[in-house]
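Q: Here's the letter readout for the chains.
There are 2 protein chains.
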Amino acid sequence: MSDHFIAPVAAHEPPYYAVVFTSVRTEGGNGYGETAERMEELVKDVPGYLGMDHAGTPGGLSVTVGYFRDEVAIKEWGAQVEHRAAQQRGRAEWYERYTLHVAKVERSHGFERERG
Amino acid sequence: MSDHFIAPVAAHEPPYYAVVFTSVRTEGGNGYGETAERMEELVKDVPGYLGMDHAGTPGGLSVTVGYFRDEVAIKEWGAQVEHRAAQQRGRAEWYERYTLHVAKVERSHGFERERG
Chain G
686 MSDHFIAPVA AHEPPYYAVV FTSVRTEGGN GYGETAERME ELVKDVPGYL
736 GMDHAGTPGG LSVTVGYFRD EVAIKEWGAQ VEHRAAQQRG RAEWYERYTL
786 HVAKVERSHG FERERG
Chain P
686 MSDHFIAPVA AHEPPYYAVV FTSVRTEGGN GYGETAERME ELVKDVPGYL
736 GMDHAGTPGG LSVTVGYFRD EVAIKEWGAQ VEHRAAQQRG RAEWYERYTL
786 HVAKVERSHG FERERG
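Residue numbers (my numbering), protein chains in the order written: chain G, 686 to 801; chain P, 686 to 801.
Read the hints as simulated data drawn from the structure, not as lab findings. Glycine is no exception: its CB is placed at the ideal position from the N, C-alpha and C atoms. Warning: the hint list may mix true and false statements.
Stated by the list, open to error - Calculated cross-link-like contacts (lysine-lysine; reagent style DSSO-like; alpha-carbon spacing at most 30 Å): (1) P/Lys729 with G/Lys729; (2) G/Lys729 with G/Lys760; (3) P/Lys789 with P/Lys729; (4) G/Lys789 with P/Lys729; (5) P/Lys789 with G/Lys789; (6) P/Lys789 with P/Lys760; (7) P/Lys789 with G/Lys760; (8) P/Lys789 with G/Lys729; (9) G/Lys789 with G/Lys760.
Said to hold, decoys possible - Have a look at the derived ranges for each label pair, beta carbon to beta carbon: (10) P/Gly713 with G/Gln772: 39 to 45 Å; (11) P/Ala777 with G/Arg776: 41 to 47 Å; (12) G/Glu797 with P/Gly713: 17 to 23 Å; (13) P/His794 with G/Glu797: 21 to 27 Å; (14) P/Gly795 with G/Gly744: 34 to 40 Å; (15) G/Val766 with P/Glu781: 37 to 43 Å; (16) G/Gln773 with P/Ala777: 43 to 49 Å; (17) P/Pro700 with G/Glu797: 29 to 35 Å; (18) G/Glu797 with P/Asp755: 26 to 32 Å; (19) G/Ala692 with P/Gly713: 17 to 23 Å; (20) G/Leu727 with P/Arg769: 39 to 45 Å; (21) P/Glu698 with G/Glu719: 32 to 38 Å; (22) P/Ala777 with G/Glu778: 44 to 50 Å.
Using the sequences provided together with the hints, build the complete structure.
A: Here is the structure:
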């Protein structure tokens, strides 16, 4: 259990974009963890970045969803130099397979349990 | 490690929809697992259902992405009687908080490592 407060990214006012990245990793680390942490920090510098949700089933699928205000923000992140290098290493070393879906959010809502 | 082949849902021909459900659970099971399995089976009966990706970090966030051909399919699944009952139980018992994003996929692609 992580010691920080765990919460999914909140519903933003549509339209905005959800970039869904689903992946299965190769065996072994090869620096993946450090790079993933670095990317999580770097993406925060992109104007229009709204947040990221990530979950990984041990030994199974990883699902990461990045939220962006518009296409400009997605393109800026996709073209970021360190991120491009990480994408190349991902295909060369880290990923067995992945799928990327770029999707425009039309509606969203959130739920939070009331405290008794 | 699961003993079946693990693969993310493949990129379909756009447009299609990705329904992103991110959640944090309450403590305790209360029948959640059985219902989740039942829902995974039931949704397959919905015309236009394309597949589902799920990952859950132990003690952390769960991310589920359901893929549907169109809005009609999403609405049919949302209104399905057993699914509606499960949604109500989710808010009453299983979820601490969640966010739902309904998004139209504009582009997608996949990668698969070549076998040496």
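Q: Of the numbered hints stated earlier in the document, which are not met by this structure?
A: Violated hints: 1, 13, 14; rest satisfied.
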